[in-house]
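If you read the protein sequences in the order shown, they are chains H and Z. So for the first sequence, the numbering used here puts the first residue at 252; every next one is plus one. So for the second sequence, the numbering used here puts the first residue at 147; every next one is plus one.
Check each hint, because a few of them may be wrong.
[Claimed, not checked] For lysine-lysine, the following DSS-like pairs were computed, each having C-alpha atoms within a straight-line distance of at most 25 angstroms:
| hint | chain 1 | residue 1 | chain 2 | residue 2 |
| --- | --- | --- | --- | --- |
| 1 | H | K448 | Z | K166 |
| 2 | Z | K166 | H | K468 |
| 3 | Z | K172 | H | K468 |
| 4 | H | K497 | Z | K207 |
| 5 | Z | K207 | Z | K303 |
[Said to hold, decoys possible] Which chain H residues stay away from chain Z? Per the calculated CB distances, all over 12 angstroms, these:
| hint | residue |
| --- | --- |
| 6 | D280 |
| 7 | Q289 |
| 8 | R309 |
| 9 | R376 |
| 10 | H411 |
| 11 | I470 |
Hints were generated in silico from the structure; no laboratory data involved. C-beta: ideal position from N, C-alpha, C; glycine also.
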Amino acid sequence: MRRRAGVGAIQKQKLEADKFRDKGTQLQDSQFEQMSKQVVSLKENLEEFSDKYKSEIRKNPTFRRQFTEMCAAIGVDPLSSSKGVWSVLGMGDFYFELSIQIVEICLASAESTGGMMELSEIKERLSKSRRQKIQQEITTEDVLLATKKLKAFGNSFQVHPLGKNRYIIQSIPGELSLQETKALSTAANTENGAITKSLLMKELGWNEIRTQQAIDKLISEGLVWVDSQCDDEPTYYFPSLFPGRKNKIEST
Amino acid sequence: MTEFEFPWEYNFPPFFTLQKHTETRKQQISRWKELILTYAKQNNQAVININDESELFSNSKINRTLDREIREVILTELCKSKNAEIVGSKNSGTYEIYWLTVDEWSNVIYSWAVNSGMTNSVLTFFELLNGDDTRDQQFHQLNEQVFMKALKQLEGKGKCEVMEIDGNYGVKFF
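Okay, chain Z solo, but in the shape it has when bound:
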């Protein structure tokens, strides 16, 4: 995997101080949201804990760190746009990150299933996420919890059925 290339803002010291001016702050938060999503996507990191020390929130080169409160502000914004969801209690600081929203994931997965003629046969989660057939798909090696959420949504629409076979999950698309 190629190393993540941070945007220029990452080296811009004020990027790590919450801006008071409304317009500037809007711009700042939207750039942070973008950064978190592209970072999570490239590193295939489905879960972020804002209490952890991470290069994502701290740039040691310019000695700047994003305060925990600001991290929370930004993650809350990500939740609002359905790009994140808090895991566990409100204070856990753990968030699932969706660079595609669950809605978008379910569409991507379902259209793949239809287009590749995989409907009406049982497929295991393992072969879907790690098999050769899906190697060039966006959901290849996707976090299983996120994958499950997308499938549950499809199930709700009657487009698939999720089943458990000997402790392993499988799915049948209709």
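For reference, chain H alone in the conformation it holds in the complex:
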């Protein structure tokens, strides 16, 4: 005969469930406690680490690169916030400061360059303006990373690769068309940063209409200046790539 479920059995079941729940909470609590401890110790370690290496982060570009690589590997963005555990490293501050300086440099000469400046020139100007402070070497990667942060402000700051580890930073809003980017890269490989219609047609295999359109667009965006006093055909100069302007940095 099957035993009828009595009050006692129900109570017993309830008691067991309670016990399980208690045990579960207990386990959770201890896990949480452990994790909190780990976070605290991570923070302590980080602080210790940063005390030891803070100046190293600011001074040593190789160290900086390795550190950002490490952060990327474990899925942490040390620049994402100036709060939180990572802020103790001053990593964010370093790049924020750099970003602001890049904006300043770009805007200061935006009028004469049409808002374009080669990364190498920015780097040179940066190291010049930072020279008075502690010796800090700024690398191409640093500038790229700092510029990336500026994307938060919309499409005003963009990086265009020019090939062979050369980049140009655009500090005015607006998208460059594929044609313009190609024309820019072609100009970057010339001595004076200048192009002609026939050069573009030869180098890029474009027809005349397409070439003319690209050039007209560059003119209308103030990125090139026309020189009509050459022997055969008009030459279009990018002031941003003109060596005579860039060389002025050393003398000023």
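With chain H fixed as given, assemble chain Z onto it according to the hints.
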């Protein structure tokens, strides 16, 4: 006098071709205006004739010359900002250049006169422009015509009186 240092644009070939794009042209003209004024100031050159061959308008190193029409466009802009004035007929091509406007010159001269206690005595143009007392003043060795214009303006405001003594000019500041 140290040699004039041209800005980088002077070696930038398109600087000598009038740009068609509005924004670029604005930038170009403003850079030219600046160049002409600093050039005139450093060489203490009060008069420029746009028909003359001058290193200011031609860079032989890159074989580029600013066309006469463009020179005229830029000088007209300088006139608009009171930094130049045409001399003689409209086609003379001769302009007086004011790196300080006549207004600014008259202020500079008058405050010098007041601050150095030169009011109420007659001073000759010669001693004002070439004397030792004004050696460190901006208007030292200023072109006499420009100087006269500034003083005439002051005279109009009742701040000085220009007088002629035996063919030489003098002035009394009040």
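Status of the hints after comparison with the structure:
{"no.": "1", "hint": "H:K448 x Z:K166", "result": "17 angstroms, holds"}
{"no.": "2", "hint": "Z:K166 x H:K468", "result": "13 angstroms, holds"}
{"no.": "3", "hint": "Z:K172 x H:K468", "result": "18 angstroms, holds"}
{"no.": "4", "hint": "H:K497 x Z:K207", "result": "19 angstroms, holds"}
{"no.": "5", "hint": "Z:K207 x Z:K303", "result": "49 angstroms, violated"}
{"no.": "6", "hint": "D280", "result": "67 angstroms, holds"}
{"no.": "7", "hint": "Q289", "result": "58 angstroms, holds"}
{"no.": "8", "hint": "R309", "result": "33 angstroms, holds"}
{"no.": "9", "hint": "R376", "result": "15 angstroms, holds"}
{"no.": "10", "hint": "H411", "result": "20 angstroms, holds"}
{"no.": "11", "hint": "I470", "result": "5 angstroms, violated"}
In this structure, the hints that do not hold are numbers 5 and 11, in rising order.
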